[in-house]
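Protein chains: 2
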Amino acid sequence: MEFRLIAQDGRARRGSLRLAHGSVETPAFMPVGTAATVKGLLPDELRQAQTQIVLANTYHLWLRPGRQILIEAGGLHRFMGWDGPILTDSGGFQVFSLQSRRRLDDDGVTFRSHLDGSEHRFTPESVTAFQEALGVDIAMVLDVCVKLPATFDELESAVRRTSTWAARSAAAHTNESTALFAIVQGGLNEGLRELSAAQLVALDLPGYAIGGLSVGETRQEMYATAALTAAQLPIDKPRYLMGVGTVADLLEAIDCGIDMFDCVYPTRCGRNGRAMTRGGDLAIRNAAFTHDYSPLDPGCDCLVCTRFTRAYLAHLFRANEMLGPRLLSYHNIYLLNALMRDAREAIAAGRWPALRDRLLPAR
Amino acid sequence: MEFRLIAQDGRARRGSLRLAHGSVETPAFMPVGTAATVKGLLPDELRQAQTQIVLANTYHLWLRPGRQILIEAGGLHRFMGWDGPILTDSGGFQVFSLQSRRRLDDDGVTFRSHLDGSEHRFTPESVTAFQEALGVDIAMVLDVCVKLPATFDELESAVRRTSTWAARSAAAHTNESTALFAIVQGGLNEGLRELSAAQLVALDLPGYAIGGLSVGETRQEMYATAALTAAQLPIDKPRYLMGVGTVADLLEAIDCGIDMFDCVYPTRCGRNGRAMTRGGDLAIRNAAFTHDYSPLDPGCDCLVCTRFTRAYLAHLFRANEMLGPRLLSYHNIYLLNALMRDAREAIAAGRWPALRDRLLPAR
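So the sequence lines, in the order shown, correspond to chains A and B.
Heads up: the first sequence begins at 0 in numbering that gives the first Met the number 0, then just goes up one per residue.
Heads up: the second sequence begins at 0 in numbering that gives the first Met the number 0, then just goes up one per residue.
No lab work stands behind these hints, which were simulated from the structure alone.
As the structure is a prediction and not an experimental result, all values here were calculated from the model.
Don't be surprised by glycine CBs; every beta carbon is placed ideally from N, CA and C.
The reader is advised that the hints may include incorrect statements.
To be verified - Residues from chain A that face chain B, not an exhaustive set, calculated with beta carbons under 8 Å: (1) R66; (2) I68; (3) F78; (4) G80.
Could you put together the complete structure from these sequences and hints?
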């Protein structure tokens with residue numbers, strides 16, 4: 000893996016990441032393909048929507064279809080028919096969301112599947128090996144993710160384990176074509192964020208994520224913590240803010256110096272009839288749209304906006320037609336990818352503040 | 000509208016239909032887009048799957064989105080983004096399926112919407128006007144469809160009303176770019192089928208459908224009735240067997256001299272994990288497919304069969320991922336369109352019996 004910082008405008012960064020399956024120009028948004036599919040969309044459509052890299056979830060793939068099938072299929076890329084870069088999360092976030100169904104110890108975490116109750120165990124080593132076996136471009140270390148609000152002791156313990164586990168993941172890492180990223184924890188505590196970042200930076204991994212955010216705190220708290228954490232990270236390595244994906248959050252996070260993002264927001268909204276636009280979200284089921292023969296987002300040149308009307312999309316959702324979720328998911332991903340492209344161009348041209356201020360007028 | 004009979008091989012026919020929005024080479028299968036969408040698929044994909052003409056349902060469109068929106072949108076083609084030929088059924092089949100929710104008289108039929116219980120009325124004139132207003136290429140007359148088994152009196156009464164209504168539909172028809180087809184009824188009764196066909200043929204309409212089949216009778220009864228009815232129809236006009244869409248039924252019906260077909264079978268099967276192949280259907284959820292890395296149908300060159308494995312498709316259905324229904328629906332439509340193309344080539348080349356006997360070995 001190779002990361003090149005091409006330009007900076009304030010704290011905003013324009014970079015380029017070379018991975019085993021292709022390049023990713025940053026800032027970049029990663030659509031979420033939890034179960035080896037970005038819900039409802041073909042790999043060709045992800046490309047067409049300017050997607051550069053897809054995220055998939057270790058927790059879900061581990062349980063279904065499971066390691067054996069993914070290996071027999073020739074890896075995750077071949078299994079799902081996407082030949083571009085893939086990042087897998089480590090499953091830490093999902094496992095720690097299971098609450099009563101998991102048991103944490105210093106060595107790892109034992110949990111019960113949400114599908115069938117079967118018992119499984121994640122260790123830093125097993126999770127690294129799983130992601131390498133899948134042949135992904137970027138693997139994430141197993142981290143301990145704490146739900147907010149949390150006590151100092153809970154956060155401090157999570158930081159300590161996350162650092163130890165990151166070191167063990169790095170030691171277990173063998174596949175050169177899979178880059179291993181660490182995940183900074185520490186909740187909203189400045190000192191713990193600095194400690195976590197320092198300990199992980201000392202491991203000299205190729206990239207760093209900011210975890211434990213977008214989990215219940217306010218947006219201002221999230222931005223502040225993202226900014227102070229980003230400032231602790233090496234300038235020459237990519238920075239990934241996990242779980243962020245609204246238009247406003249992406250713009251704020253880019254402004255904090257973040258390079259990569261993932262979120263289920265565009266696809267989940269799309270399935271539920273919520274269309275994203277640069278000017279805010281639209282609930283397509285609203286009565287106002289049933290007779291509206293204009294495009295979803297007049298400023299968008301995606302296939303949905305160039306070929307279909309709001310009235311047709313409203314009809315599809317009212318009739319529970321599966322084409323509706325598919326079209327809105329496509330549009331929402333296209334919109335975020337276009338937003339990232341606009342951000343890259345603005346940063347490179349030194350006009351990032353103008354773009355940011357135009358799109359975040361209420362800031 | 001213009002129909003040209005290009006070749007015959009036994010009773011099987013190879014024809015060409017020129018319609019307002021393009022040509023349809025026959026035999027042709029029409030995928031069903033009930034609510035102005037072939038479930039889960041884009042118009043571009045229908046084309047890519049070699050679809051020539053799409054069917055939509057008057058009953059459903061009348062209720063939702065309704066006449067006003069369809070007209071404001073510029074017609075059904077523009078509303079749904081499909082610029083090829085469209086045939087709409089008359090709603091007769093759906094209304095007569097409502098049983099207790101409808102009241103038939105000589106002038107028309109009053110029914111309650113399955114969506115909200117609101118009362119509506121279909122007459123031959125209103126249904127013809129609705130389809131013309133939508134700008135479809137082929138409109139069907141309002142017919143009286145009887146569920147089998149039925150008494151002679153029920154069938155005779157349905158034939159009588161269907162003929163009267165067809166004459167009224169023809170008199171009400173004004174839009175030259177919409178061709179009006181009549182529908183032969185008569186159940187399994189040979190005399191009534193002959194009577195119905197004779198009365199409708201006397202109206203000299205541009206095409207004729209065979210209705211009231213695929214409604215509970217055996218396959219042998221259906222084939223026999225389709226054959227004897229087809230024999231009563233003009234040789235120089237297209238013949239459309241309504242509601243037929245399995246591989247075996249299509250081959251048998253082509254062999255009876257039918258030119259056009261529609262059925263929800265390929266898309267409904269696709270949504271439910273049933274893949275059609277020339278050798279029979281596959282239930283993709285079967286345990287046998289979870290580790291099967293071969294294509295769905297090795298003889299098929301569609302995008303699903305060339306890019307994805309049975310194991311991946313099985314995974315999508317097990318994980319309830321919407322890409323699964325979408326991909327199987329696409330494949331099933333592609334398969335039927337390819338089967339129709341093979342039939343057209345075989346009939347034109349005088350080798351229809353060989354194709355038929357190869358694909359229907361158990362006949």
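Structure-based check of each hint:
1. R66: violated, 13 Å
2. I68: holds, 6 Å
3. F78: With Cβ-Cβ at 6 Å, under 8 Å, it holds.
4. G80: holds, 5 Å
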